[in-house]
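Engineer: If you want the building blocks of each chain, they are given just below.
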Amino acid sequence: KAGVTQTPRYLIKTRGQQVTLSCSPISGHRSVSWYQQTPGQGLQFLFEYFSETQRNKGNFPGRFSGRQFSNSRSEMNVSTLELGDSALYLCASSLLSSYNEQFFGPGTRLTVL
Amino acid sequence: EDKVVQSPLSLVVHEGDTVTLNCSYEVTNFRSLLWYKQEKKAPTFLFMLTSSGIEKKSGRLSSILDKKELFSILNITATQTGDSAIYLCAVEASGNEKLTFGTGTRLTIIP
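Chains as they are written, first to last, in our numbering: chain P, 1 to 113; chain U, 1 to 111.
Check before you lean on any hint, since a few could be wrong.
Below 30 Å or equal to it, Euclidean Cα-Cα: the simulated BS3-like pairs (lysine-lysine) are [said to hold, decoys possible]:
1) LYS41(U) <-> LYS57(U)
2) LYS13(P) <-> LYS56(U)
3) LYS13(P) <-> LYS41(U)
4) LYS57(P) <-> LYS40(U)
5) LYS68(U) <-> LYS41(U)
Covered stretches of chain P (chain U as the covering partner; in silico rule of three or more C-beta atoms under 8 Å from a C-beta of chain U) [as the list claims (entries may be wrong)]:
6) 17–25
7) 43–57
The set of hints was computed from the structure by calculation and includes no laboratory data.
Glycine included, C-beta positions come from ideal geometry on N, C-alpha and C.
So here's chain U without its partners, still in its complex pose (with noise of 0.2 Å):
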């Protein structure tokens, strides 16, 4: 069964710090990981990544894949509070096209 870990699970720092969110999977036929945010609702998309040591950019946020080692992490610099919210990682696995998501960080930004 495809699984999906994130970590931690939670993350409390001020504004200002830099935070790096993990995420750790194992799927059969692996296609793609997802990262989302999810403030109060609906989530929103932040990247897709399907290859290897490609960093995707989108400023302050940063994300990167390693398929040997099976994870992925989040990188976010110069945190805001309008970053507190919960990160959802997902992966999708060809053949059958459903993700599997982790249960989330939930982030919490301190002024």
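In isolation and in its complexed conformation, chain P is listed as follows (with noise of 0.2 Å):
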């Protein structure tokens, strides 16, 4: 069974640019959650999605949104980069809502010169 993918794996940007993130959860997996993790802050809940409806979120200001496709995948994006968006972005996928069941992807390290 593949695991939780993410792309791109990197990425580069400069201030003011926008930028999307795209998540592919386990087959059959329902849940997907967005965190971004930083030296300084650690790793942080940004959103979760289920069936295409986001239902919690963490807080973060509205630049960052996401979204679900019907197929489970999901995508986050990100308006206006500032440099302290510079950060590893994960997501993790459930077959719920159950986090012991939660898998994560490897990550996009993004970059924001």
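Each chain sits in its own coordinate frame; assemble them with the hints.
Structural biologist: Written out as structure tokens, the structure is:
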């Protein structure tokens, strides 16, 4: 069974640009959660999607948005990038919304110059 | 605001030693506490704890939760170099079902 995949793995952008990251969950998983990981703040929850609906949202500005498609694949968008958005963005999928069955992808390393 | 604090921030021990990692939390409507191991990129799930005093064990790793004192510990006995990683603690609150993570403990095992 293929694991969670994320694309791209690495990305370099400049301030003010926007970026879209993609996450393909494990086949059959309907929940996708997104996290931002930085050395200073650690792992922070961004949002969770289940069956194309955003169910939970963390404390991030509106520049961070996401969506989920009917095949459970999810995208995360960040508009008007800031230097502080440089981070590892992780997504995780689970069958339902059970965190002990949550599997993480390898992450997308975003660098904002 | 929910808060998770892990200590120590980093730890260096020799192979064969036993280590104890700490996680304390302040959260409204606690639901569960989870431990993850992060070696390179993706965290991998270790334990989920919901009840006080019941030890969860997997090989050389074990964990226990104290809901009265609001903390959990993760023990690793007879450490090996493969245990070198960042260990993350996260708390789930009911009502919003989001995870709040601590900043992690970086464990380094010296051969």
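Engineer: Does each hint fit the structure? Answer for all of them.
Structural biologist: Now for the hints, and whether the structure bears them out:
The suggested pairing of LYS41(U) with LYS57(U) holds, with an alpha-carbon distance near 24 Å, which does not exceed 30 Å. For the hint pairing LYS13(P) with LYS56(U), the CA-to-CA distance comes to about 44 Å; that exceeds 30 Å, so the pair is violated. Restraint check for LYS13(P) and LYS41(U): the C-alpha separation of about 21 Å stays at or below 30 Å, so the hint holds. At roughly 26 Å between alpha-carbon atoms, LYS57(P) and LYS40(U) fall within 30 Å of each other, so this suggested pair holds.
For the proposed pair LYS68(U) and LYS41(U), the alpha carbon gap of about 33 Å is over 30 Å, so the pair is violated. Counting residues of the stretch 17–25 of chain P whose CB falls under 8 Å from any CB of chain U gives 0; the rule of at least 3 is not met. Interface restraint, the stretch 43–57 of chain P with chain U: holds (7 residues with C-beta to C-beta distance below 8 Å; minimum three).
Of the hints listed earlier, those the structure fails to meet are numbers 2, 5, 6, in rising order.
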